[in-house]
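2 protein chains.
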Amino acid sequence: MAKSISPGLTLIPIPGLPMIQQGDDLARLFVDNLKAAGASIHDGDIIVVAQKIISKAEGRAVDLADIEPSARARAVAEETDKDPRLVEVILSESKRVVRTRPGILIVEHRLGFIHANAGVDHSNVIGNSHKEIVLLLPEDPDRSAQDLRLRLEEMTGAKIGVLINDSMGRAWRMGTTGQMIGASGLKVLDDLKGNKDLFGRELETTEVGVGDELAAAASIVMGQTDEAIPAVIVRGVSRFVGYGDTTKKLLRPPEQDLFRS
Amino acid sequence: MAKSISPGLTLIPIPGLPMIQQGDDLARLFVDNLKAAGASIHDGDIIVVAQKIISKAEGRAVDLADIEPSARARAVAEETDKDPRLVEVILSESKRVVRTRPGILIVEHRLGFIHANAGVDHSNVIGNSHKEIVLLLPEDPDRSAQDLRLRLEEMTGAKIGVLINDSMGRAWRMGTTGQMIGASGLKVLDDLKGNKDLFGRELETTEVGVGDELAAAASIVMGQTDEAIPAVIVRGVSRFVGYGDTTKKLLRPPEQDLFRS
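As they're listed, the protein sequences go chains A and B. Quick note: the first sequence, position 3, residue 3 per the working numbering, numbers continuous. Quick note: the second sequence, position 29, residue 29 per the working numbering, numbers continuous.
It is worth saying that the hints were derived from the structure and are not from the lab. By construction, the Cβ of each residue, glycine as well, lies at the ideal position given by its N, Cα and C atoms. Certain hints may be false.
[To be verified] Among the chain A residues that face chain B by a calculated CB cut under 7 Å, a handful are: (1) G8; (2) I12; (3) G16; (4) L17; (5) R99; (6) P102; (7) D121; (8) A171; (9) Y243; (10) L258.
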């Protein structure tokens, strides 16, 4: 008789979410939309949410028409062929400029991410009549994830993790990938040191960036353009749920960064 | 009446694979083990395979006892606190040394990856009686993926993609993530330029490294230690199947690399 294979991992889009507005109750929308589809959040689920809807709900939109660029922003805008007002916003979100080229502005975000344009984005932000609105990253994405997790846990009774992802570039590889910018209730860096391999030999220095792997997996489902799936349930990896890691765990400390200069 | 939600993505481990030996027929093992579990490969599936079992099947093991380190390998071994014979093997797989620190040797692999130890690995390689065996990356992982894809397609009649992943570090983030080192039958870099966002505005410069996102997703299921799941079916993203991208698409060309020096 055939045995059945259980999937190792299932990623389930939260369906039918509307355009998110400042002040929207994301937890309520998630629970109601799942319920309407005959689904629910389970114990051990990890809810991955796109940065963009967190930022929208938190009112992190900035109208470029209100921005007066500094002399420095104008100089960087010149180097990068960008709108000086956009550069002003990017610099205000950054600790330092890492690299500039025409069309490229890579900074260290105030939260520690090495991120093109400090994650400031103007796609999917608002209709054509308001072309000058851009969206910043959440003020404190780990706190945003915690708020959402606590509220979802209260509403559902399930013990879960929440992870916020964003699309980021990489130094040596083409294309962006989903990476973690905030988390709550999760293990995001899995330290296998001391674990044994298949031959019983101890692994030496293996740490796995599971937070980023989860962010990438959800990103495949979310898509980037008009698919409008900004939240995904990752089911089947409850082993990472029930921890208290923050995003700092995934950021290489400056003293260990060999590619900082 | 409740509608049902279809999962966006399902990852299914290929169960019960034995320790792979040189010359093993991976396609045959995958198909037989799935069949024994009442499962099969479907049209549009992407089969993600761990580099390690490809390398083992291809006989890419090297016995350090056979290696005579060069003067250069001895010098780099001194800088990095590594076995000079291991360093000799790493350098023989590399175009150049990118960074050294005690315990750390980052190179540009002959295939173009910026990879610690050139991906040379000695975990899960062989029992304690042969501690000096290390495993190199496949000679040509895109070709390995193609061979496996063609054989699986012949055996199953399904049109699929095959992707080979490995765990790699990142410049600014802690922990390794699954990243793609070989592929066949796939789109691995998804160029959204010209696509429209939710407001009908054209996206500017979004390219998504879907090959690496798929590699990361499968890596979550594979685990790293004694879980022994070296092959995973990714089901639900047939939109990336039926293309001819190679790994080169995911490697940033030197002239675009801002962090090369």
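Violated constraints from the hint list, given by number and in increasing order:
3, 4, 6, 7, 9
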